[in-house]
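J.: Chain by chain, the residues run as shown.
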Amino acid sequence: EPEVTQTPSHQVTQMGQEVILRCVPISNHLYFYWYRQILGQKVEFLVSFYNNEISEKSEIFDDQFSVERPDGSNFTLKIRSTKLEDSAMYFCASSRGDRSGLYEQYFGPGTRLTVT
Amino acid sequence: AQSVTQLGSHVSVSEGALVLLRCNYSSSVPPYLFWYVQYPNQGLQLLLKYTTGATLVKGINGFEAEFKKSETSFHLTKPSAHMSDAAEYFCAVSHTTGNQFYFGTGTSLTVIP
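Those protein sequence lines, which keep their order, are chains A and B. So in our numbering, spot 46 of the first sequence is number 46, and the numbers just go up one at a time. So in our numbering, spot 6 of the second sequence is number 1006, and the numbers just go up one at a time.
No lab work stands behind these hints: they were computed from the structure. Careful, some of the hints might be misleading.
Once the Cα atoms are required to be at most 25 Å apart in a straight line, the calculated DSS-like pairs of lysine-lysine come out as [what the hints assert, rightly or not]:
1. 57(A) x 83(A)
2. 42(A) x 57(A)
3. 1058(B) x 83(A)
4. 1058(B) x 1069(B)
5. 1058(B) x 1068(B)
6. 42(A) x 83(A)
7. 1068(B) x 1049(B)
8. 1068(B) x 42(A)
9. 42(A) x 1049(B)
10. 1069(B) x 1049(B)
11. 78(A) x 42(A)
12. 1049(B) x 57(A)
Computed Cβ-Cβ distance ranges for the label pairs, DEER-style [what the hints assert, rightly or not]:
13. 1003(B) x 1(A): 41 to 47 Å
14. 1071(B) x 5(A): 37 to 43 Å
15. 68(A) x 1020(B): 28 to 34 Å
16. 1071(B) x 84(A): 39 to 45 Å
17. 1018(B) x 62(A): 41 to 47 Å
Here a beta-carbon is modelled for each residue, glycine too, at the ideal position from N, C-alpha and C.
Next up, chain A with everything else stripped away, as it sits in the complex (with noise of 0.2 Å):
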């Protein structure tokens, strides 16, 4: 069964450093959204990648993050000068978008990045 692939599992990073959070979506799957979970609390919507453009963002998604796809199958999160309250699980997730795919959403597992 397809998945949502994330690279790596855990990043460790110090203060002020640029990291780039890679995600493989379904292949077939036209939207794309970055999550972050700070450690014991909800899950929080970052932003929403439609088209080659994004679609939505959330006040937490502010100019030190940036998506891209920067081929046909990956999708990164960057995050140019880390700051403490940056570490956190950040999930991946793609849907199809279409009614077929009942607007799904499709996570993957994951990576966790702790700033230092």
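Model the placement of chain B on the given structure of chain A, informed by the hints.
T.: Frame of chain A; chain B shown alone:
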């Protein structure tokens, strides 16, 4: 605006007992409702979803949920808990394709042997 409230951050049940995890939502438009399960160190796995049609939906692993518009609820149930059901459960709401999901804070289910 949309939001999700999950009552009870921790629920404990005995093996074989009924599982009831509560979810209430607020939405200004007809919602699409989802339950996801998260096992330790894993991603979010879809249990079941309601989009349109029958209000009682059945999912994987014997779980089901009923959409009650009058109560703005989408509670998750399972008649008989199994040890393997121990996990974190998240209720989520959306209202159209491509849009963000709003998640509840999650309910940690413990199953006591």
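J.: Does each hint hold? Answer for all of them.
T.: Results for each hint:
1. Between residue 57(A) and residue 83(A) the alpha-carbon distance is near 19 Å, which keeps this suggested pair within the 25 Å criterion.
2. For the given pair, residue 42(A) sits about 17 Å from residue 57(A) by alpha-carbon distance, which is consistent with the 25 Å threshold.
3. Restraint check: the Cα-Cα separation between residue 1058(B) and residue 83(A) comes to about 42 Å, which exceeds 25 Å; the hinted pair is violated.
4. Simply put, residue 1058(B) and residue 1069(B) have alpha-carbon atoms about 17 Å apart, close enough for the 25 Å limit, and the pair holds.
5. The straight-line distance between the Cα atoms of residue 1058(B) and residue 1068(B) is roughly 15 Å, inside the 25 Å bound, and the hint therefore holds.
6. Restraint check: the Cα-Cα separation between residue 42(A) and residue 83(A) comes to about 19 Å, which is no more than 25 Å; the hinted pair holds.
7. This hinted pair checks out: residue 1068(B) and residue 1049(B) have alpha carbons roughly 13 Å apart, not beyond 25 Å.
8. With a C-alpha separation of about 24 Å, the suggested pair residue 1068(B) and residue 42(A) falls inside the 25 Å cut-off, and the hint holds.
9. Of the supplied pair hints, the one linking residue 42(A) and residue 1049(B) holds, its CA atoms being roughly 19 Å apart against a limit of 25 Å.
10. With a C-alpha separation of about 15 Å, the suggested pair residue 1069(B) and residue 1049(B) falls inside the 25 Å cut-off, and the hint holds.
11. Restraint check for residue 78(A) and residue 42(A): satisfied, since their Cα atoms lie roughly 21 Å apart, inside the 25 Å limit.
12. With a C-alpha separation of about 24 Å, the suggested pair residue 1049(B) and residue 57(A) falls inside the 25 Å cut-off, and the hint holds.
13. As the Cβ distance of residue 1003(B) to residue 1(A) is approximately 32 Å, the hint placing it in 41 to 47 Å is violated.
14. For the hinted restraint 37 to 43 Å between residue 1071(B) and residue 5(A), the CB-CB distance of approximately 39 Å keeps it satisfied.
15. In this structure the hint that residue 68(A) and residue 1020(B) lie 28 to 34 Å apart at CB is violated, the actual value being about 43 Å.
16. Checking the proposed 39 to 45 Å range against residue 1071(B) and residue 84(A) shows it holds: the Cβ atoms sit about 41 Å from each other.
17. A hinted range of 41 to 47 Å for the beta carbons of residue 1018(B) and residue 62(A) is consistent with their spacing of about 44 Å.
The structure fails to meet hints 3, 13 and 15 from the earlier list, while all remaining hints are met.
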